[in-house]
Amino acid sequence: MSTSTLKTKNGLQDTGKTVKQSKGAHSPMAMFSKVRLAGFYLAISLMLLSAIGLGFKGLNLGLDFTGGYMTEFTTSQSIDKGQMQNQLGANLSGDFELSSSAANTHWTIRQADGAAHVIDKDWLYTFATQSGYDIAPQDSVYIGSQVGSELIDNGGLALIVAAVAMMIYLTWRFEWRLACGSLMALVHDVLVVLGLFAWLGLPFDLTVLAAVLAIIGYSLNDSIVIGDKLREVMRAKTNMSMSDIVDTAVKSTLTRSLITSGTTLATIGAIWIFGGQPLQGFAIGLFAGVVFGTLSSIAVSATIPQLIGLNPEFYQLRAQELLLNDEP
Amino acid sequence: MRKSTSKPKYTWQILVIIVTVIILGLNAIPTFYGSNNALLVSAINPTQTLPNTQKLRELMQQQQVDVEQIINGESDSKIVIEGDDETLIQAQAHLKNTLGDDYQVRLGSQSAAPTWLQGMGMSPIKLGLDLSGGVLFVLEVDTNKADQERIGNAKDEALQIIHDQGLRGMSVKIADTENKINLHFLSHQAASVKSVVNELQQRLPGVTYSSSGDRDGTLVFSEQSITTFHHEIMAQALTTLRGRIEELGITEAVTQRQGQNRIRIELPGVKDPEQAKRIIGATASLDFYEMAQSGTVGIKTFTDENGRRLRLAPKPIFTGSNIENATSGRDEMGVALVNLALDGIGGKKMSEFSKDNIGNPMVTIFSEYHKNSSDEMVKSSKVISVATIQSQLGNRFSITNLDSPQAASDLALLLRAGSLDAPITIVQQRTIQASLGQENVSNGIMALAIGLGITLLFMGLWYRKLGLIANTSLVLNLICLLGLMALLPNVVLTLPGIAGLVLTVGMAVDTNVLIFERIKEERKRGRSNFLAIETGYKEAFATILDANVTTMITALILLSIGYGPVKGFAMTLSLGILTSMFTGVFVAHVLTALVKPQIPVKQQELKS
Numbered sequence: 001m002s003t004s005t006l007k008t009k010n011g012l013q014d015t016g017k018t019v020k021q022s023k024g025a026h027s028p029m030a031m032f033s034k035v036r037l038a039g040f041y042l043a044i045s046l047m048l049l050s051a052i053g054l055g056f057k058g059l060n061l062g063l064d065f066t067g068g069y070m071t072e073f074t075t076s077q078s079i080d081k082g083q084m085q086n087q088l089g090a091n092l093s094g095d096f097e098l099s100s101s102a103a104n105t106h107w108t109i110r111q112a113d114g115a116a117h118v119i120d121k122d123w124l125y126t127f128a129t130q131s132g133y134d135i136a137p138q139d140s141v142y143i144g145s146q147v148g149s150e151l152i153d154n155g156g157l158a159l160i161v162a163a164v165a166m167m168i169y170l171t172w173r174f175e176w177r178l179a180c181g182s183l184m185a186l187v188h189d190v191l192v193v194l195g196l197f198a199w200l201g202l203p204f205d206l207t208v209l210a211a212v213l214a215i216i217g218y219s220l221n222d223s224i225v226i227g228d229k230l231r232e233v234m235r236a237k238t239n240m241s242m243s244d245i246v247d248t249a250v251k252s253t254l255t256r257s258l259i260t261s262g263t264t265l266a267t268i269g270a271i272w273i274f275g276g277q278p279l280q281g282f283a284i285g286l287f288a289g290v291v292f293g294t295l296s297s298i299a300v301s302a303t304i305p306q307l308i309g310l311n312p313e314f315y316q317l318r319a320q321e322l323l324l325n326d327e328p
Numbered sequence: 001m002r003k004s005t006s007k008p009k010y011t012w013q014i015l016v017i018i019v020t021v022i023i024l025g026l027n028a029i030p031t032f033y034g035s036n037n038a039l040l041v042s043a044i045n046p047t048q049t050l051p052n053t054q055k056l057r058e059l060m061q062q063q064q065v066d067v068e069q070i071i072n073g074e075s076d077s078k079i080v081i082e083g084d085d086e087t088l089i090q091a092q093a094h095l096k097n098t099l100g101d102d103y104q105v106r107l108g109s110q111s112a113a114p115t116w117l118q119g120m121g122m123s124p125i126k127l128g129l130d131l132s133g134g135v136l137f138v139l140e141v142d143t144n145k146a147d148q149e150r151i152g153n154a155k156d157e158a159l160q161i162i163h164d165q166g167l168r169g170m171s172v173k174i175a176d177t178e179n180k181i182n183l184h185f186l187s188h189q190a191a192s193v194k195s196v197v198n199e200l201q202q203r204l205p206g207v208t209y210s211s212s213g214d215r216d217g218t219l220v221f222s223e224q225s226i227t228t229f230h231h232e233i234m235a236q237a238l239t240t241l242r243g244r245i246e247e248l249g250i251t252e253a254v255t256q257r258q259g260q261n262r263i264r265i266e267l268p269g270v271k272d273p274e275q276a277k278r279i280i281g282a283t284a285s286l287d288f289y290e291m292a293q294s295g296t297v298g299i300k301t302f303t304d305e306n307g308r309r310l311r312l313a314p315k316p317i318f319t320g321s322n323i324e325n326a327t328s329g330r331d332e333m334g335v336a337l338v339n340l341a342l343d344g345i346g347g348k349k350m351s352e353f354s355k356d357n358i359g360n361p362m363v364t365i366f367s368e369y370h371k372n373s374s375d376e377m378v379k380s381s382k383v384i385s386v387a388t389i390q391s392q393l394g395n396r397f398s399i400t401n402l403d404s405p406q407a408a409s410d411l412a413l414l415l416r417a418g419s420l421d422a423p424i425t426i427v428q429q430r431t432i433q434a435s436l437g438q439e440n441v442s443n444g445i446m447a448l449a450i451g452l453g454i455t456l457l458f459m460g461l462w463y464r465k466l467g468l469i470a471n472t473s474l475v476l477n478l479i480c481l482l483g484l485m486a487l488l489p490n491v492v493l494t495l496p497g498i499a500g501l502v503l504t505v506g507m508a509v510d511t512n513v514l515i516f517e518r519i520k521e522e523r524k525r526g527r528s529n530f531l532a533i534e535t536g537y538k539e540a541f542a543t544i545l546d547a548n549v550t551t552m553i554t555a556l557i558l559l560s561i562g563y564g565p566v567k568g569f570a571m572t573l574s575l576g577i578l579t580s581m582f583t584g585v586f587v588a589h590v591l592t593a594l595v596k597p598q599i600p601v602k603q604q605e606l607k608s
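Protein sequence lines, in the order shown, are assigned to chains A and B. Quick note on my numbering: the first sequence kicks off at 1 and runs consecutively. Quick note on my numbering: the second sequence kicks off at 1 and runs consecutively.
Check each hint, because a few of them may be wrong.
Stated by the list, open to error - Calculated pairs, DSS-like style, for lysine-lysine (alpha carbon to alpha carbon, straight line, at most 30 Å):
| id | chain 1 | residue 1 | chain 2 | residue 2 |
| --- | --- | --- | --- | --- |
| 1 | A | LYS251 | A | LYS34 |
| 2 | B | LYS277 | B | LYS96 |
| 3 | A | LYS251 | B | LYS538 |
| 4 | A | LYS81 | B | LYS277 |
| 5 | B | LYS96 | A | LYS81 |
| 6 | B | LYS524 | A | LYS251 |
Stated by the list, open to error - Here are the in silico distance ranges between beta carbons for each label pair:
| id | chain 1 | residue 1 | chain 2 | residue 2 | range |
| --- | --- | --- | --- | --- | --- |
| 7 | B | LEU461 | A | LEU92 | 45 to 51 Å |
| 8 | A | GLN280 | B | PRO405 | 47 to 53 Å |
| 9 | B | GLY83 | A | GLN280 | 27 to 33 Å |
| 10 | A | ILE273 | B | THR53 | 46 to 52 Å |
| 11 | A | ILE79 | B | ALA542 | 56 to 62 Å |
| 12 | B | ARG525 | A | GLN280 | 44 to 50 Å |
| 13 | A | ALA136 | B | GLY83 | 22 to 28 Å |
| 14 | B | GLU368 | A | ALA165 | 39 to 45 Å |
| 15 | A | ILE44 | B | SER225 | 49 to 55 Å |
| 16 | A | GLY132 | B | SER222 | 50 to 56 Å |
| 17 | B | SER75 | A | ALA163 | 52 to 58 Å |
| 18 | A | ALA163 | B | MET446 | 49 to 55 Å |
| 19 | A | ILE79 | B | MET446 | 56 to 62 Å |
Keep in mind the hints are simulated off the structure, nothing from the lab. Note that CB positions come from ideal geometry on N, CA and C, so glycine has one too.
Could you put the whole structure together from the sequences, leaning on the hints where they help?
This is the structure:
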């Protein structure tokens, strides 16, 4: 196996340094490499699983995306919104969104399903007698999605343009194989979060979309930090094997990855616990995104360049070219 | 010794930091105060005097409403009250009742920050629909009117074809009751009818012909074609309205189709919907005509403001849909005008037309739908200019002689955002509460505060002195970001925006962690304390720059292509990247250089 030959190579170099370190870095390095590869395969399986989930179950798109039925009614007195929410919840099957006018007398309910009883407002009379409120039904109509088809088209276009622009920038700053790694990690993070929402059947609304957008930002940030480290190690330690270089790079950014993810997860966790129902989807999406993003930054973004043939020679050549150019 | 050499080195940096933080910090302050509800009382007749302050106070006291202050403006009095929206609406109703029909009472808001801050023009961050509520409009798109217009056009086309083919005696007329055209022809023309209909169908697909006698027939649009047409106008109306709302600088509006032919628009942070209403409800269109030549059929006649009758060609040279951009301005005499830029097709038509017609007039017609006294939609057209073509024109020219700068900027806005073919009426308008609810918003803010607290505590414990520097720069980052968001127009904070905020805080922490880890590493390599800090900042900067530039690319693309929630997120994120680069790299570096923290390094960790 390739790892065994690498081990001896590594061990030979390390004997030059302190004895303590060569013993210490020896087996954990190989272990780490295995863990990293295992993580990589895990990430690939998660992506497949997510793709299957998205393909077969699909996203449980919220009202923001699908549109639905809207019922409006007025009450003669002002009623507390929380109270109204609870009482309606007991009466209505399925999810609904409740909003009220300034004086809490004009109510709007949005529901996804347009079952007959929703449209003909029968349930509203039943609800009125049950709750004792003086309710006057106003309107019950189909309502289009909040997100126009042009947003979906534009959004898709935006993502593609963003991906291409990133690839160009990263290829210019780093190397195309590193850019591929970052992009793959990004696809992984977004796909897995979408897959999670598909499998769990959690409603996917605009707040979750915001979370997904934030995940894109995180994922990129993580990948670049690792890519940068990778480049640095490749320049400095040219006699190491690629696998060890990747391990060294990932290991030396591990503290940073954990601190950054940890503090961010603390904030998101606080939103999850204290933020209340409306922020739940948002917090879950972002939490999952950061967790999987950390995984992919360790296991995917640096492993891909290694697998598609990035090697230290590339940077040596580049360094030599630069030296030649610098000399008059 | 180093003190004396390093201190003067940072003088300008410290100055930059202090000035930036003071400016942005001052802008951030009003946000913490929030804003109060206010009522705006204005007289309908400008000569009428406003009710005096004492009387307004008394009126409010009758309702047990606490008045914060009353600001007397030039044309209105602003009563700033304490209390929620419900109190506000009750107070408005009371004022309306007592003051009578001569006065108008509108809703508004007033920043609760101290007056000296307001005096400097600083205002709180505008909150989106989900956080603060706004105003709801339900608009009805008059598809019937659009159908009539369409059938009218079909009639004109048919007339033109008949004229072109020289079929004397054949006539078309729009039926009174339904949207159909009655075609009347002489008995020997039966064969020619077919060719007319064919030609018409080629120009207007969807027209069907049915014969109703040997000298009569009817032309109608097929059911399917009408359905598609309605679908198209609804889609066009939605797109145009979204464009107009965006032109108004409201990025976080919700626009939805409601039922068959209604559109629901929710605008955030708008307490006084008058301007929005004027722009959203307008169905303005602009057409450019040449004068009719003799022998043309279907001549349109308009009367200009001097009472001159103008006979115009039936078809415009080009229409408002060919306008690519429009800006308002003034000519050298100070009269308001609108500068127009046409798209390729419009530019070509204009240049061809003007080349052949130097010395001839071109008439600009402005059409708008409005309701008449019996509540019917009427299209009114106005000649806004009759200009003589002086030379061959390209795709840029101006419409001059507009009534006022306001009229010019409204017209420019409407032309930019696209015209509406079908008239639109506002059928409902009311204020709405935040969709997230007050409780949820405060929960969310508390959660953010807890998360931030944990982060600050952790950084302090983990990095000690460096951690305190990180915390200082993190807090400064948030202050700068809030200040920047309050300072810039068109920035609205929404839930997706808060997602951007969380991400920004994360990236700001990351910036510091990257630098500190780097410094620690340099120390382990045996560098001196000072050198390790300098190298750490220098080396980590490349990484931080790459990470931020890439995220910035994404944010800017989302900002330019996205709409609504996506835009709100991208806006916060891109501003956050700027502030976190500033505080995380620049401020923290200066602070570190001033504090000179000792970074301990264990002997066994030292690499040879």
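May I ask which of the numbered hints given earlier this structure violates, with the numbers listed in increasing order?
Hint check: 18, 19 fail, others pass.
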